[in-house]
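Asker: Residue-level listing of the chains:
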Amino acid sequence: MHIDHVEQARNAGEQVHHFHGGLHLRHNKKISCATPLERTPLPGLLIVPLLQQYGPEAEATVKTGQKVLKGDEIGCFAHLGGGHIHAPSSGIVQAVARRPISHPSGADGWCVVIEPDGLDQWKRLEPLTNWTDADPALLRQKIRNSGIVGLGGAVFPTAFKTDEAIKQEIHTLILNGSECEPYISCDEMLMREEPDSVILGARILQQAIGATRTVIAIEDQMGVVNLALKQAVESAGDDNIKIVKITTIYPEGGEKQLIQVLTGLEVPTGGRPADLGMLCQNVATATAVAQAVVEGKPLIERIVTITGNGIRKPRNLVARIGTPISDLVEQCGGYTNDVARLVLGGPMMGYTLNSDANPVIKAANCILALTESDIRPSQVEMPCIRCGECARVCPAVLLPQQLDWLIRNQQWDDAADSGLADCIECGCCDVVCPSHIPLVEWFRFGKSELRTLAVERKQAETAKHRYEARDARLLRIKQERRQRLEEKKRAIKDDAQRQKKLTEAISRVRARQDRNE
Amino acid sequence: MSRKFDPGVAPHFPPKLSVTGVMQEVLYALLPGIIAYTWFFGPGMLVQILLAVIFALLFETLMLKVRKLPLKRFLGDWSAVVTAVLFALCLPPLAPWWIALVGMLFAIVVAKHLYGGLGQNMFNPAMVGYAVVLISFPQVMALWLPPRSIASHSLTFGEMLNTIFTGSLSLGLSWDTISEATPLDAIRTSLASGRMVSEARQSPVFGDFGGLGWEWIANLYALGGFWLLWRRIISWHVPVMMIGSVVALGLVAYLVDPGSNPVPLQHVFSGALVLGAFFIATDPVTGCTSNRGRLIFGVGVGIITLSIRSWGGYPDGVAFGILLMNMAAPLIDRYTRPRIFGH
Numbered sequence: 001m002h003i004d005h006v007e008q009a010r011n012a013g014e015q016v017h018h019f020h021g022g023l024h025l026r027h028n029k030k031i032s033c034a035t036p037l038e039r040t041p042l043p044g045l046l047i048v049p050l051l052q053q054y055g056p057e058a059e060a061t062v063k064t065g066q067k068v069l070k071g072d073e074i075g076c077f078a079h080l081g082g083g084h085i086h087a088p089s090s091g092i093v094q095a096v097a098r099r100p101i102s103h104p105s106g107a108d109g110w111c112v113v114i115e116p117d118g119l120d121q122w123k124r125l126e127p128l129t130n131w132t133d134a135d136p137a138l139l140r141q142k143i144r145n146s147g148i149v150g151l152g153g154a155v156f157p158t159a160f161k162t163d164e165a166i167k168q169e170i171h172t173l174i175l176n177g178s179e180c181e182p183y184i185s186c187d188e189m190l191m192r193e194e195p196d197s198v199i200l201g202a203r204i205l206q207q208a209i210g211a212t213r214t215v216i217a218i219e220d221q222m223g224v225v226n227l228a229l230k231q232a233v234e235s236a237g238d239d240n241i242k243i244v245k246i247t248t249i250y251p252e253g254g255e256k257q258l259i260q261v262l263t264g265l266e267v268p269t270g271g272r273p274a275d276l277g278m279l280c281q282n283v284a285t286a287t288a289v290a291q292a293v294v295e296g297k298p299l300i301e302r303i304v305t306i307t308g309n310g311i312r313k314p315r316n317l318v319a320r321i322g323t324p325i326s327d328l329v330e331q332c333g334g335y336t337n338d339v340a341r342l343v344l345g346g347p348m349m350g351y352t353l354n355s356d357a358n359p360v361i362k363a364a365n366c367i368l369a370l371t372e373s374d375i376r377p378s379q380v381e382m383p384c385i386r387c388g389e390c391a392r393v394c395p396a397v398l399l400p401q402q403l404d405w406l407i408r409n410q411q412w413d414d415a416a417d418s419g420l421a422d423c424i425e426c427g428c429c430d431v432v433c434p435s436h437i438p439l440v441e442w443f444r445f446g447k448s449e450l451r452t453l454a455v456e457r458k459q460a461e462t463a464k465h466r467y468e469a470r471d472a473r474l475l476r477i478k479q480e481r482r483q484r485l486e487e488k489k490r491a492i493k494d495d496a497q498r499q500k501k502l503t504e505a506i507s508r509v510r511a512r513q514d515r516n517e
Numbered sequence: 518m519s520r521k522f523d524p525g526v527a528p529h530f531p532p533k534l535s536v537t538g539v540m541q542e543v544l545y546a547l548l549p550g551i552i553a554y555t556w557f558f559g560p561g562m563l564v565q566i567l568l569a570v571i572f573a574l575l576f577e578t579l580m581l582k583v584r585k586l587p588l589k590r591f592l593g594d595w596s597a598v599v600t601a602v603l604f605a606l607c608l609p610p611l612a613p614w615w616i617a618l619v620g621m622l623f624a625i626v627v628a629k630h631l632y633g634g635l636g637q638n639m640f641n642p643a644m645v646g647y648a649v650v651l652i653s654f655p656q657v658m659a660l661w662l663p664p665r666s667i668a669s670h671s672l673t674f675g676e677m678l679n680t681i682f683t684g685s686l687s688l689g690l691s692w693d694t695i696s697e698a699t700p701l702d703a704i705r706t707s708l709a710s711g712r713m714v715s716e717a718r719q720s721p722v723f724g725d726f727g728g729l730g731w732e733w734i735a736n737l738y739a740l741g742g743f744w745l746l747w748r749r750i751i752s753w754h755v756p757v758m759m760i761g762s763v764v765a766l767g768l769v770a771y772l773v774d775p776g777s778n779p780v781p782l783q784h785v786f787s788g789a790l791v792l793g794a795f796f797i798a799t800d801p802v803t804g805c806t807s808n809r810g811r812l813i814f815g816v817g818v819g820i821i822t823l824s825i826r827s828w829g830g831y832p833d834g835v836a837f838g839i840l841l842m843n844m845a846a847p848l849i850d851r852y853t854r855p856r857i858f859g860h
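Same order as they appear, the protein sequences are chains G and C.
Take our numbering: the final residue in the first sequence is number 517, and no numbers are missing along the way.
Take our numbering: the final residue in the second sequence is number 860, and no numbers are missing along the way.
Calculated from the structure, these hints are not laboratory results.
Glycine residues also receive a C-beta, built at the ideal position from the N, C-alpha and C atoms.
Treat the hints with caution; some may be incorrect.
[Unchecked claim] Facing chain G, from chain C, some residues (calculated, C-beta under 7 Å):
#1 Phe522
#2 Pro528
#3 His529
#4 Phe530
#5 Pro531
#6 Leu534
#7 Val536
#8 Thr555
#9 Gly636
#10 Met639
#11 Pro801
#12 Arg809
[To be verified] Derived pair list, reagent style SDA-like, types lysine to any residue, alpha-carbon separation capped at 20 Å:
#13 G:Lys67 - G:Lys123
#14 C:Lys521 - G:Ser373
#15 G:Lys67 - G:Ala97
#16 C:Lys521 - G:Ala511
#17 C:Lys585 - G:Val380
#18 C:Lys589 - G:Pro383
#19 G:Lys488 - G:Lys500
#20 G:Lys30 - G:Glu193
#21 C:Lys533 - G:Asp327
#22 G:Lys297 - G:Trp131
Isolated chain G, as found in the complex (with noise of 0.2 Å):
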């Protein structure tokens, strides 16, 4: 990295920046703010699906009919080398079995279910309450086995990410507090009535990275959360965290628009914010974190923001992973009666819910009940006219009409070299798009056609190997059989002259024996 950019991107928040394009739009968040946060009572069933991350599905660590305890671990990822999924109340495991989940793809996936016993009894928890002289790798187990993933709506594992990040000196920790979808404000809400857990968890997330100092990264228009983390951060008595408003300019809340905003800097193309020293995390994973450490808890609730012209009356609830979304929806006046949609996410990312018995997960960041004026009706698509709208509002500046034209006519090292790769999926440009084109559609098809292609490639490549070694094999024992089939004739060829030398002196001796005569 260039001298200039380490100074940089030690200054982050010191100023703020801009990045390319994005989007004004309507916050909507108030509606859902009015409320304190409530916890949502312990359902009849709790379905827990071992698909909650990013990655492959875990695998259940229990049985059915097994009876667990609050806490306990019930799926294990054995790629990561961890318990990442825990119980969330005491109760009988009923079935390991494959129910409907909260999944983009709509599909069913292995769920464990469990019948709460109602008691609520915790596992034996090991709280580590002297955390400020523990070492950072503890920390890092203490998270590992805690189930925490990036509670932003990315879910990818947070030890995963610390791991990975720590092989580089990280100098900086950002703490991700901008929302950055309309109408959700889990985050909002949970740095206003909980901010001194989440500068907790910033000052511990801190340790167990080797970082010096913190930026929490807020919206301009959350003026309450300022206070209280201003607040928060005096009592704590730390001086290496600062807080930063910025502008609400959607996807500012992305990994990379947001360190953008803070350091002027650009996460370079492939590479991870580490590479700037940098590590990035939501405010509600650093929450998680500080209950995993402090008290010992796991992952095992989550705030939500049930919201949406769809609810009667919008609010933000504590769940448990696993409690259907129908109860947190019944807790918040059900549903009003116009409504037509249920999108888990924001409006801009978020995908649809085939029915509200699906589950909570850890990605649940907000369920959004939109009514039919709130949605797209479903739109003819025209030809593109090339208006330049889309590249215009793209984060990742990305030319998004043209990557769409590559991809249609299957261009795929085209549509590589122009980026295709570095799309963030915002859908801006969906939005913006006069002809109504699935931009952020095709992209991911393409993406994907890129990874299999990418795979078939290497494929190739080991079968050509293969086909070069064997191709070489056969050529080497031919080679061998010629020379050995040469010499033998050589040496039959010998054979036959010396033969004839032979006659040739016996004839000689038997002329000169006949002339002696």
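Add chain C to chain G, keeping to what the hints say.
Answerer: Below, chain C alone, put in the same frame as chain G:
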């Protein structure tokens, strides 16, 4: 009780714009200019617009049928109407009816659909149509009227219709009495006969900056252009660079040789410069997509327009400027690709 919902695709937002919406906004933005045109030169232009729109929709329907495309969706996009109106605004008000027929044939059938239809055409259809009739029928394309305030004989609506549909003038009228050179023509002919620009400007067809009447039409086109800018239908890059380059180069020429070059503002307020800058060169399909590309595109059109006006064989060069830069647009786009985030 659980409840089922229908699936849908993000973004969960009503769309902000549509192709139809864009085309309609362009038409709204042209209204002030069209009204001014009618005010100064009579209702002939309205007849030309009507004719062009009818022929455009006829050819569009025909081509959609031939190409087996949904009629409702593509006729409803209003793009053929925009092409027709822009084409008609370039015609002399008394042009015979078959000019619109030939123009629209080349605009809609050749330039648009034979190149692949909406979004695929390389050249601006309206300008292709105009270039074809300008080159093929130079005489009828030179039959311009003077502004009504200085006309020796003001044509009635009936006389106008008669001329457009029969090609001949009503009894007692001659082309010499009713037609008048455009300001750009006036300058060209007077320079050719060895006179100075200042002498040419003595002609009553001139106003304060450009041609009498023309300058007001240009003002109102610009007003529509500002509306489009404000509505974000177009970006500032092409109009500013196109007009800016004409003014800058025109200023240099004027300072070097004020005798044979008009003041630069006259260039702006004559001919199709303002119409072209805001409405035609900004056509997204045939222009550049990146902002840097649009800057180059605008400068290119400006330079070519001024060159044709100063040294070329035609009094105005906006159409040829745009068509030539249309050709260069893909190349410009290729070399003005922005740097991708993180690369």
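Asker: Evaluate each hint against the coordinates.
Answerer: Verification of the hints:
The interface hint given for phenylalanine 522 of chain C is met, as the beta carbon of that residue sits about 4 Å from the closest beta carbon of chain G, less than 7 Å. Against a cut-off of 7 Å between C-beta atoms, the interface hint on proline 528 of chain C holds, since the closest Cβ of chain G lies about 5 Å away. For histidine 529 of chain C, the interface hint holds, since its Cβ comes within 7 Å of a Cβ in chain G; the closest pair sits about 4 Å apart. With 7 Å as the threshold, the beta carbon of phenylalanine 530 of chain C comes within range of chain G, its nearest partner Cβ sitting at about 6 Å, so the hint holds.
About 6 Å separates the beta-carbon of proline 531 of chain C from the nearest beta-carbon of chain G, less than 7 Å, and the hint is met. At about 4 Å, the closest approach between the beta carbon of leucine 534 of chain C and any beta carbon in chain G falls short of 7 Å, and the interface hint on this residue holds. At about 5 Å, the closest approach between the beta carbon of valine 536 of chain C and any beta carbon in chain G falls short of 7 Å, and the interface hint on this residue holds. Checking threonine 555 of chain C against chain G: minimum C-beta separation of about 30 Å lies over 7 Å; hint violated.
Contact between glycine 636 of chain C and chain G, as hinted, is supported at the beta carbon level, the nearest pair being about 4 Å apart and thus within 7 Å. Proximity of methionine 639 of chain C to chain G is violated relative to the hint, the smallest CB-CB distance being about 11 Å (cut-off 7 Å). The interface hint given for proline 801 of chain C is met, as the beta carbon of that residue sits about 4 Å from the closest beta carbon of chain G, less than 7 Å. Interface restraint check: arginine 809 of chain C against chain G, minimum CB-CB distance 11 Å, threshold 7 Å, status violated.
For the proposed pair lysine 67 of chain G and lysine 123 of chain G, the alpha carbon gap of about 12 Å is at most 20 Å, so the pair holds. Restraint check: the Cα-Cα separation between lysine 521 of chain C and serine 373 of chain G comes to about 19 Å, which is no more than 20 Å; the hinted pair holds. Taking the CA atoms of lysine 67 of chain G and alanine 97 of chain G, the gap is near 17 Å; set against the 20 Å cutoff, the hint holds. Taken as a hint, the lysine 521 of chain C and alanine 511 of chain G pair is broken in the structure, with Cα atoms around 118 Å apart against an allowance of 20 Å.
Restraint check for lysine 585 of chain C and valine 380 of chain G: satisfied, since their Cα atoms lie roughly 17 Å apart, inside the 20 Å limit. For the given pair, lysine 589 of chain C sits about 14 Å from proline 383 of chain G by alpha-carbon distance, which is consistent with the 20 Å threshold. Restraint check for lysine 488 of chain G and lysine 500 of chain G: the C-alpha separation of about 18 Å stays at or below 20 Å, so the hint holds. The hinted pair formed by lysine 30 of chain G and glutamate 193 of chain G meets the criterion: a straight-line CA distance of about 15 Å does not exceed 20 Å.
A C-alpha spacing of about 35 Å is found between lysine 533 of chain C and aspartate 327 of chain G, which places the hinted pair above 20 Å, so the restraint is violated. Under the criterion of a C-alpha separation no larger than 20 Å, the hint pairing lysine 297 of chain G with tryptophan 131 of chain G is consistent with the structure, at around 14 Å.
Checked against the numbered hints given earlier, the structure breaks hints 8, 10, 12, 16 and 21 and satisfies all the rest.
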